[in-house]
Structures are given as structure tokens and as C-alpha cells.
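Put together the whole structure using the sequences plus the hints.
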Amino acid sequence: MTTTSDPTTGRTGAGSATIIEVSHVTKSFVSPDGTPLPVLDDISLDLREGEIVALLGRSGSGKSTLLRCIAGLISPTEGDISYRGETLNGANPGVAMVFQSFALLPWLTVQQNVELGLEALGVGTGERRQRAERAIDAIGLDGFESAYPKELSGGMRQRVGFARALVVEPDALLMDEPFSALDVLTAQNLRAELLRLWREKDFPTKAMLIVTHNIEEAVILADRIFVLVPIPAGSARRSTAHSPNPGTGTTRASRRWSTRSTA
Amino acid sequence: MTGRDTRPPAHIWTVASPGEGSPTDTPLPQASVGGMSGLLEILVAHGGRVDLPQLAHELTFEVDDLLPLVDAAQVLGLAVVDDADLQITDEGRIFVAADILESKQIFALEARERAPLVRAICRALGATKDGNLGEGFFLDLLRRGFSEEEARQQLKIAVDWGRYGELFDFDANTGQLTLDHHHGSDGQ
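Protein chains in written order, with the numbering used here: chain A, 1 to 263; chain B, 264 to 451.
Check the hints yourself; a few may be wrong.
Claimed, not checked - Derived coverage of chain A by chain B (criterion: at least 3 residues anywhere in the stretch with Cβ under 8 Å from a Cβ of chain B; other residues may be distant):
1. 114-120
2. 135-143
3. 150-156
Said to hold, decoys possible - Each computed EDC-like pair below joins lysine to aspartate or glutamate, with the alpha-carbon atoms no more than 20 Å apart:
4. K419(B) / D434(B)
5. K419(B) / D334(B)
6. K419(B) / E398(B)
7. K419(B) / D142(A)
8. K419(B) / E49(A)
9. K419(B) / E376(B)
10. K150(A) / D434(B)
11. K150(A) / D432(B)
12. K201(A) / D362(B)
13. K206(A) / E78(A)
14. K150(A) / E429(B)
15. K206(A) / D171(A)
16. K201(A) / E365(B)
17. K419(B) / E429(B)
18. K150(A) / E398(B)
19. K150(A) / D348(B)
No wet-lab data here; the hints were simulated from the structure.
Ideal Cβ placement from N, Cα and C applies to all residues, glycine included.
Structure representation (C-alpha cells):
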């Protein structure tokens with residue numbers, strides 16, 4: 001099975017600049033008895049401007065490991081990953097991440113949690129506050145600025161997760177099962193809000209990559225889907241590219257670049 | 264405890280206009296705004312009317328789990344239940360189609376008018392000099408109709424709704440509720 005995506009299926013991204021390129025990546029961990037445990041085997045994929053890509057696979061299929069490699073949090077055993085043509089050597093400078101578990105600091109307020117991402121970038125206090133307020137407004141969190149995470153419903157907590165990632169205006173947004181800890185209806189609502197933001201002309205993020213085990217979610221959100229499939233040899237996974245719904249993908253892309261779907 | 268002499272009289276709480284429920288006889292349903300919005304989005308996607316047991320089945324929800332969300336939508340006038348069908352209202356359609364800021368404004372307006380505890384909190388805060396009251400004031404009043412746990416739960420829901428609508432804020436460190444003067448006061 002080949003691992004490169006078919007150019008004819010990548011409808012929305014075709015011709016657009018590549019943001020992230022994963023090329024023949026293999027990742028093994030070492031078990032306590034010293035034998036290597038392969039998790040990813042020869043994975044290649046790309047993320048281009050203007051598209052949402054889903055990484056679909058069962059739990060334990062290596063999706064999150066791949067996402068962490070792309071974020072530069074762990075390095076691949078073989079192969080390489082590049083951001084805007086530069087091979088990664090450490091944290092990926094163009095991405096921000098949203099986690100399934102929200103990953104908020106319980107002793108900080110919503111505002112402080114959102115500012116955290118900017119603090120790490122060395123942004124000054126005044127600008128930090130302004131940018132955090134913008135991100136908080138965009139994701140519908142205004143009114144909750146002084147709340148602590150434990151006071152919030154799951155949906156609102158994940159909105160904080162999104163605000164904290166979006167506040168840095170990442171080139172690409174990486175999401176690791178961002179809706180899986182939410183009930184169906186709350187997830188539906190937050191997905192719709194995310195798509196609404198994505199379709200706004202001045203949304204600074206150029207591409208999104210979502211890891212999910214939910215086929216329906218992948219089809220609703222993504223322009224292209226990579227499926228991580230088991231190969232007979234063991235736990236390693238290969239990716240195959242699918243264009244789930246070319247109609248939807250094309251429509252979304254043209255909406256994005258020509259007219260806005262809502263006023 | 265500086266707020267003691269500025270406390271509004273308790274009748275603000277209990278006297279309701281004809282047709283208005285009071286916070287103790289019409290408790291807030293245990294629903295998050297996100298969950299209720301998701302329900303309304305799905306309702307609109309189904310053409311605006313849907314059989315509740317069938318919808319619950321589709322969503323793999325128990326009908327009982329869906330009911331607080333349905334109640335919330337009803338309290339706010341965004342949907343009505345007719346037989347076993349849930350039907351979107353005109354206001355509900357506007358709410359779903361609106362962008363996030365508009366939908367928050369609609370939510371604020373409806374919550375302040377129609378959700379008894381939210382309305383009572385806005386009025387009580389509006390009757391103070393500085394728009395501040397301790398949570399104890401509201402818990403005391405809620406305990407007349409609810410157990411301790413229920414009273415706290417009711418206040419928690421009201422704070423969640425009040426924050427979402429930017430009607431009032433709550434400081435968990437000091438236990439103070441504060442009116443948001445842009446949206447929370449009656450403006451009449």
C-alpha cells in the first residue's frame with residue numbers, strides 16, 4: 001500500500017501552499033525488555049493552506065503520537081517532518097494544539113489560562129490582555145473571563161482550550177480528539193462554532209488537522225481524511241488518503257475564498 | 264460584609280408579575296448553554312420539528328437526559344413541546360442562525376426576561392448601589408424552596424447562564440455576584 005496522497009483527491013488543498021509535510025515517518029518506542037515497539041510505520045501526509053484534514057483511526061492506532069510528532073513534541077525515529085519547507089528540529093513554530101482533556105490549569109482563571117500561550121511567547125502584559133480578549137470573544141467565552149475551570153461545563157472548558165490555542169494565531173491548528181470528552185449535543189454545538197470561525201475571512205489560521213476516531217465527525221469537518229490502518233506486522237499503522245465528500249470540500253473551499261456563507 | 268446595608272428587600276425575590284414563575288416554583292433546568300444550542304441546531308437541521316423519543320434514540324441519549332435541555336429551550340422561548348414533538352420557535356431559528364455575539368445577545372434578553380432565577384438575580388443586583396451581592400444572599404433565599412445542595416446547584420446554573428449572557432459575573436474567591444451594567448440592568 002502506498003502512503004502518498006492522491007493529488008486528484010486533495011481538492012481543496014490542490015495548488016495551495018503546503019504548510020506541513022510528513023515524509024516517511026516511523027516511530028518506535030522501546031519496551032521495558034528492550035524490544036522496539038513500532039507505533040507508526042512509513043507515514044507520509046501533507047497539510048495545505050485552506051483545508052481541514054482528519055486523521056482517523058481507532059484508539060491506540062498511533063494518531064496522537066503522529067500529532068505529537070507534527071507538533072514537534074517528540075521526534076520521529078525515521079523520516080522527517082517539515083513546516084513551511086523547514087525540517088523540524090524541536091517544537092513546531094507554526095502550530096498550536098487543542099487537547100481532548102482540555103489541559104487547563106485549575107488555579108488560573110479563564111483569562112489567565114488563555115494568556116498563558118502568549119506569555120510563553122514573551123508577549124507583553126497589555127498586548128496579552130487585548131489578544132486574549134479577542135480570542136475569548138471569538139469563541140463565545142466573554143462573560144467567563146474571571147471564572148475558574150471547575151466552574152465551567154465541559155463545553156465551556158473546551159472553548160477555553162480553543163481560545164488558548166487560537167490566541168497565538170497559529171498557522172495550523174492541531175486538535176487531538178477535541179470533542180470526544182463532550183456529550184453529543186455540546187460537541188455538535190462546538191463543532192459548528194469552530195466551522196463558523198474557520199469560514200470567517202479574517203480567521204488567521206490557514207489549516208486545521210484533527211485527530212478523531214469518529215467517522216461522522218471526520219466526514220463533517222474534513223476536506224481530506226487520512227485513515228491510520230493496522231498492518232499485519234503488529235501495531236504499526238499506515239495512512240491512506242480519502243476524500244470523504246468532494247462536494248462538501250469544494251463547496252467549503254469556494255465559500256471560504258469567495259463569499260461568506262453567513263452575514 | 265459591607266453589602267449588608269445595601270441589600271435589596273427580599274420581596275424583590277418573591278413578588279412576581281402575574282404569569283411569571285418565581286425562582287423557587289420554577290427551578291432552572293440543569294442544562295448547559297452549549298448543550299441546549301446543540302439541541303436547537305439539530306432541531307433546525309431536522310426541519311424545525313422532531314419527535315423527541317426518536318431524536319433521543321438518534322443521539323443515543325435517554326429521553327430523560329434530553330429533557331433538561333428541552334426544558335431550557337422552552338423556558339427561554341426558543342422551542343416548544345407539542346405532544347411528543349419538539350418544535351423550534353421563530354426566536355429559536357434566529358438564535359441558531361445568528362453569529363456567536365448575536366446569539367449571546369438573544370440568550371441574554373430571553374434569560375433576563377424568562378428564567379426566574381436569572382431575572383431575580385439581575386433585579387436584586389440592580390437594586391443595590393454598587394451592583395454587588397454575596398452569594399449568601401441568594402443561597403438564603405433559595406434554601407426556602409430547595410435543599411442546600413439544590414440551592415447551590417440552582418445558583419451554579421444561574422451563574423453559568425448569567426455569564427454566558429454577560430448579565431452578571433461571579434467571583435469564586437470572594438463569593439460576590441456583580442451586575443454587568445451593559446447587559447444586566449433592565450434599561451427601563
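We went through each hint and held it up to the structure:
A stretch counts as covered by a chain when three or more of its residues have a beta carbon under 8 Å from one of that chain; for the region 114-120 of chain A and chain B the count is 0, and the coverage is violated. Counting residues of the region 135-143 of chain A whose C-beta lies closer than 8 Å to any C-beta of chain B gives 6; at least three are required, and the coverage claim holds. Remark: the region 150-156 of chain A is confirmed as covered by chain B, as 6 of its residues place a Cβ nearer than 8 Å to a Cβ of that chain, reaching the required three. For the hint pairing K419(B) with D434(B), the CA-to-CA distance comes to about 12 Å; that is within 20 Å, so the pair holds.
For the suggested pair K419(B) and D334(B), the alpha carbons sit about 17 Å apart, so the restraint of at most 20 Å is met. Restraint check for K419(B) and E398(B): satisfied, since their Cα atoms lie roughly 10 Å apart, inside the 20 Å limit. For the proposed pair K419(B) and D142(A), the alpha carbon gap of about 17 Å is at most 20 Å, so the pair holds. For a cut-off of 20 Å, the pair hint linking K419(B) to E49(A) is broken: about 42 Å separates their Cα positions.
The hinted pair formed by K419(B) and E376(B) meets the criterion: a straight-line CA distance of about 19 Å does not exceed 20 Å. At roughly 13 Å between alpha-carbon atoms, K150(A) and D434(B) fall within 20 Å of each other, so this suggested pair holds. With a C-alpha separation of about 15 Å, the suggested pairing of K150(A) with D432(B) holds against the 20 Å cut-off. With a C-alpha separation of about 14 Å, the suggested pairing of K201(A) with D362(B) holds against the 20 Å cut-off.
Annotation: proposed proximity of K206(A) to E78(A) is violated, straight-line Cα distance about 27 Å (limit 20 Å). About 19 Å separates the Cα atoms of K150(A) and E429(B), which keeps this hinted pair within 20 Å; it holds. Of the pairs offered as hints, the one joining K206(A) and D171(A) holds, with about 5 Å between alpha carbons and a cut-off of 20 Å not exceeded. Proximity of K201(A) to E365(B) is assessed by CA-CA distance (about 18 Å); at most 20 Å being required, the pair is judged to hold.
As the CA atoms of K419(B) and E429(B) are separated by approximately 15 Å, the hinted pair is consistent with the 20 Å bound. Note on K150(A) and E398(B): the hinted pairing holds, with a Cα-Cα distance of about 17 Å set against a maximum of 20 Å. This hinted pair does not check out: K150(A) and D348(B) have alpha carbons roughly 35 Å apart, beyond 20 Å.
In summary, the structure is inconsistent with hints 1, 8, 13, 19 from the numbered list given earlier, while agreeing with the others.
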